[in-house]
Structures are given as C-alpha cells and as structure tokens.
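First to last, the protein sequences are chains A and B. Taken in order, the first sequence gives residues 1 to 296; the numbers are from the working numbering. Taken in order, the second sequence gives residues 1 to 279; the numbers are from the working numbering.
Since the hints were made in silico from the structure, they are not lab data. Glycine included, each C-beta is placed from N, C-alpha and C at the ideal position. One should not assume that every hint holds.
[Stated by the list, open to error] Below, a sample of chain A positions facing chain B; criterion: calculated Cβ distance under 10 Å: (1) P4; (2) T6; (3) V7; (4) P8; (5) G11; (6) R12; (7) D41; (8) F101; (9) V105; (10) S109; (11) A201; (12) A208; (13) T209; (14) Y233; (15) G234; (16) L268.
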Amino acid sequence: MIEPFTVPFMGRALAELALLALVCGPVSVFVFARRLSFVSDALTHTVFPGVVVGFLAGGIEGIVVGALVAGVVTAVALTLLSRGGALSDDAATAVVLTAMFSIGVVLVSRRSSYTSDLTSFLFGRILTVTPRQIAETAVLAVVILGLLLISARALVFRTFDPAGAAAAGFRIAGLDLLLNIIVALVVVAAVRAVGTILVVALLIVPAATARMLTARLPLMAVIGTGLILVAAYGGLLASWTASVDHGISLTSASAVVLLLVLAYLLLLPLGALRSRRKHGRIISSEARRSPHELVG
Amino acid sequence: MNWWDDALHRATAEVLLAGALAGLVGVHVVLRRLSFFTMALTHATFPGVVAASIIGVNIVVGGVVAGAIVALGVAALSRHKSQNTAAATGVLLSGGFALGAGLVATQNGFSRDLTSFLVGSILTVSPQDLGTTAVVLVVVAAVLLACARPLRYTGFDRTGAQAAGFATGVWDVVLLLAIQVAVVTIVPAIGTILALALIVAPAAAARQWSHRLSVITALAVTLGALSGLGGLYASSRWDVAAGASITLTATAILALSTVLSRLVRSRPTATGRLRAFPA
Numbered sequence: 001m002i003e004p005f006t007v008p009f010m011g012r013a014l015a016e017l018a019l020l021a022l023v024c025g026p027v028s029v030f031v032f033a034r035r036l037s038f039v040s041d042a043l044t045h046t047v048f049p050g051v052v053v054g055f056l057a058g059g060i061e062g063i064v065v066g067a068l069v070a071g072v073v074t075a076v077a078l079t080l081l082s083r084g085g086a087l088s089d090d091a092a093t094a095v096v097l098t099a100m101f102s103i104g105v106v107l108v109s110r111r112s113s114y115t116s117d118l119t120s121f122l123f124g125r126i127l128t129v130t131p132r133q134i135a136e137t138a139v140l141a142v143v144i145l146g147l148l149l150i151s152a153r154a155l156v157f158r159t160f161d162p163a164g165a166a167a168a169g170f171r172i173a174g175l176d177l178l179l180n181i182i183v184a185l186v187v188v189a190a191v192r193a194v195g196t197i198l199v200v201a202l203l204i205v206p207a208a209t210a211r212m213l214t215a216r217l218p219l220m221a222v223i224g225t226g227l228i229l230v231a232a233y234g235g236l237l238a239s240w241t242a243s244v245d246h247g248i249s250l251t252s253a254s255a256v257v258l259l260l261v262l263a264y265l266l267l268l269p270l271g272a273l274r275s276r277r278k279h280g281r282i283i284s285s286e287a288r289r290s291p292h293e294l295v296g
Numbered sequence: 001m002n003w004w005d006d007a008l009h010r011a012t013a014e015v016l017l018a019g020a021l022a023g024l025v026g027v028h029v030v031l032r033r034l035s036f037f038t039m040a041l042t043h044a045t046f047p048g049v050v051a052a053s054i055i056g057v058n059i060v061v062g063g064v065v066a067g068a069i070v071a072l073g074v075a076a077l078s079r080h081k082s083q084n085t086a087a088a089t090g091v092l093l094s095g096g097f098a099l100g101a102g103l104v105a106t107q108n109g110f111s112r113d114l115t116s117f118l119v120g121s122i123l124t125v126s127p128q129d130l131g132t133t134a135v136v137l138v139v140v141a142a143v144l145l146a147c148a149r150p151l152r153y154t155g156f157d158r159t160g161a162q163a164a165g166f167a168t169g170v171w172d173v174v175l176l177l178a179i180q181v182a183v184v185t186i187v188p189a190i191g192t193i194l195a196l197a198l199i200v201a202p203a204a205a206a207r208q209w210s211h212r213l214s215v216i217t218a219l220a221v222t223l224g225a226l227s228g229l230g231g232l233y234a235s236s237r238w239d240v241a242a243g244a245s246i247t248l249t250a251t252a253i254l255a256l257s258t259v260l261s262r263l264v265r266s267r268p269t270a271t272g273r274l275r276a277f278p279a
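Bound conformation, chain A alone (with noise of 0.2 Å):
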C-alpha cells in the first residue's frame, strides 16, 4: 500500500498534503468557531487578480508575492467592511469575492488564451508539485504555526466572548484582522499546489468533522490533523488506482475531498447521539445574532 508513494511525484503530492494537513488541522478550528467558512471561500477567489499580477510582472516567481499582497488585501477589507456596520458581513464578503475575482478576469481576460490558466488555478496540479513548491509551503507553515502559537489564547478568548475579551483590554479588530489574515496565508500557501476545491474543502470540512467526536479545541485540531491525512493518503491511492489499474481519470483532489466529505456524513449520526446525550456541553452556540439570520 505505500508503493505508488515510491513514485517521486506521487510522494510530493503526499508531503506537500501532510504539510497543510498540519497547519489546516488548528487552522480549521478557528474558521468553524468563528464561522468564517464564507470567508475561506472568498479568500480562494480574491487571490486570484493578485496571481495574475504576480505573474504579469514577475513570472512564475511572482505568483506568491501577488497573491500575498493580494490575500491581505482581502483581510484588510473585509475586516473593516464587517466592523463599518453599513453591509452585513456575509453581503460584504459577497462583494468583496466577486469583485476582486472580476479584476481577475479583467486583466486576463485581454491576454489570448486565458480558460487554461483559468482551469489550472481552480484545480490546481497537485501531481506535478515542485519541490520549490513544497518548500514555500514549508516557510508559511511555520509562519503560520508560529503567529497561532503566539495568539491562540487571545483568539479563543475573543471567539467565545467578545464582549470578555475587549474588556480585559484585548483589541477586537486586530485578532479579527489577525485570523483573516492566518487564513488568507493558509490559502496563499495551499492554493497553487492543490487548486481552490482542495484548500477550501481542508479549512471547513475537518474541524466540522471533528466537532462530532469532541467539544474541545485542541482535540479538535488533532483530529482534524488526523483526517485530512488519512484522507490524502486515501484520496491520492485511489485516484493512483483507479486510474493505473482501471482506466478510469479520477482526480486526485476531487478524490480527497470527497473522501473528507464522506467521513463527514459518516459521523453524522453519531454527532447527533453525541448532542443528545451532553445537553448544554455546546460549544458554538452562541445565539443567532439577528432575527433573519437563517444561515451564516
């Protein structure tokens, strides 16, 4: 079972997913608590004028520093359209999203040959990942791994009660801008190895999943950690399978995602014995914050 990993680039592909499974894991946790799996969303879409500038002007060496700039650009924005009161945050990260992504389309839109790029970037290559790839990865790992370190108290704090933290003298906005930031670099990070489905997929999917099993944070995280390398493993064999012994192109990360998916739905019913049995032991309850809110 692990000799398709023998291949080289089957076993990039693992390491560059057993890298962002140790960041996503923690990550993730934050982005269910704090419920900013519309804003993961956004993000993936809103780096994307910043890699065709990045690229228009550097290269391929650009890519990153583009989308850097571009995803906190992004982090900046929605934090004080969220905090100006004008838009409801979901309707400012609506905005945000569609608009960045259009300067996107602008600008490549007056090149010739655009719709393969297009595709590349949704889907990502994570078959033919770099080991220049890996190591940048590598680096904003540990960035982000660090700044979690350094502020997973006062980002806890802030999650559970705002009102608390800003007493005791913690400044709201800039955790905020903080975790949007943490999860722009996330995206930054993974987007370009494994495409927009992947990086999405890994930010919501398994602290949602790990929430069945346990209410507590750092547990959350590992098992979070846990699953989407279980997944990969899983994902990146299948597809390697499927298509070497049956013929069949499966994507490697459709593959993966869909097997996060499925464990999912698979823990579903024991989320529900779980919340029954533990009354009151609910960690993100916090109560709806306006009488329309149905989802968000």
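Could you slot chain B onto chain A? The hints should help.
Using the frame of chain A, we list chain B on its own:
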C-alpha cells in the same frame, strides 16, 4: 434579419431578465443573510448540471434537482445542534463542487465549458435560455408575491410567526427553493460569479436607501437591470470580459449608494444622523 439574431441584443435581453430575477430574490438573500448559501448553490448544483449534460437531459432540470437536494440538506444540517450553518453550507459546497469536478474529469474536453460555467458567457446566450429565464422570472415573482406575508413574518419575527401558527420551517424551505430555482436558471447563462454579484450587490445597494420592503424590492430590480446594461456597454466599449464588467458595475453602484445615502441621510435631522452612524 430578426432582432434576436444579434448576439448583443440577446445578451441585453438576458441581462435585463436576469437582473430583475436576481434583484427579486436578492432582497431576501440580503435581508436574511443567505449570501453564503447562494454561493454554495452556484457551486453545489454543478454535479447536477454535469450529470444532466452527460446523460443528455436539460441541464436546468439537473441543476434544479441538485439544488433542491442542497437546499433541503442545508435546512436539515442546520437543525443539527453541534453544527453551525456556515460549516454545514461549506461542507455541501466543497463536496458538491468536488463531485462535479470529478465528473467533468471523466469526460474529455470538458474544461472549456467548465470555465464558461464559472465566469459566464453572456454573449453566447441562446433564445431557449432567454425563454427559460423569462418563465422562471414569472414563476418566482408569483411565488414570492403569493407568499409575501408568511415569508416576511418568518423573516422578521420568527417567534411571533410560530406563535401565530405559521410553520416557519416550511416557509424557510419555500424561500430556499425559490432562491435555488432562480440561481440554477441564471448560472448557465451568466456564470457563478456574476450570478452571486447580481443577486447580492443591487439588493444591498437598495437596502441603503430605504427601510420599506416594497421600495427595496423595486429599487433592487431596477439597479440589477441597470448594472447589467452599464456593464455590457463598458464591456463592448473597452473590450473586456462581459461578466466581469457587469460585476464591477454592480459593485460601483453599491459603493456609490453606500456613500451617497449616508450623505443624504446625515443632513436633515438628528435621528437621521444617528441611524447613519450606528455605534
């Protein structure tokens, strides 16, 4: 030569119809904070569309079926105690999209269609697309008008509506299904990103000008159609992608509305000033 033979004429008609339809459902999307649900729908109905085109059924039918599954799935998952709705919506979004992308990969030479599905190709809209959009516009408008009272009551005062004997869960599902049908209809013609922009931005802009639902709805429909026309003009004038320029026009209208409505409101009375600058 028939007036409909010109691609730009068809695009103009489609943009007017889609803008009106998006404005209608957009008001509910913005007031009830369903933007992420809308985004999830645009991606999660993708496997339905692909499967329908593989087996050769009308793609709108495939999309509506997939959308109904997603809408009911979100409604069911968000009743789950340990799950928040944002996470449940996100799981359905990524699962659905991955399934669709996986299906696409099994077919050869599908990636062109995939791109046009995402960024839209309003200039290649067909007369059938126009017909479907018109029919759905009438149906959705009729449903929203007929159910206006319970929908409004449920949206603004859920406990009150329950006490008055409305089945709030059922009305939520009615609203989600109406949004779903609208999204599925306009996505193949104009693409996912433009659909989201046309649904959220004009309605959010209209919300800045009024507190009355009827005024907001009328304004949202008008602004949606206006963004479409302005964007098409800019696209042909400066030779950029049509979907992107319509999105940017809608965003500009929203930004202008936010600034202007604050200026207008902060002038006359003290209460107006209070409302314009919430603490």
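For each hint, the structure was consulted:
1. P4: 19 Å, violated
2. T6: The hint is violated - T6/A has no Cβ within 10 Å of chain B, the shortest such distance being about 25 Å.
3. V7: Not OK, violated: V7/A not within 10 Å of chain B, min 20 Å.
4. P8: Hint on P8/A: violated, closest Cβ of chain B at ~23 Å, above 10 Å.
5. G11: 22 Å, violated
6. R12: 20 Å, violated
7. D41: Nearest chain B Cβ about 6 Å off; hint holds.
8. F101: Where the cut-off is 10 Å and the nearest Cβ of chain B is about 5 Å from F101/A, the hint holds.
9. V105: Holds - the Cβ of V105/A comes within 10 Å of chain B, reaching about 4 Å at its closest.
10. S109: 4 Å, holds
11. A201: Constraint on A201/A satisfied, holds at 4 Å.
12. A208: With a minimum Cβ separation of about 4 Å from chain B (threshold 10 Å), the hint on A208/A holds.
13. T209: Cβ of T209/A sits 8 Å from chain B, so the hint holds.
14. Y233: Violated, about 17 Å.
15. G234: At about 14 Å, which exceeds the 10 Å cut-off, the nearest Cβ of chain B leaves the hint on G234/A violated.
16. L268: 7 Å, holds
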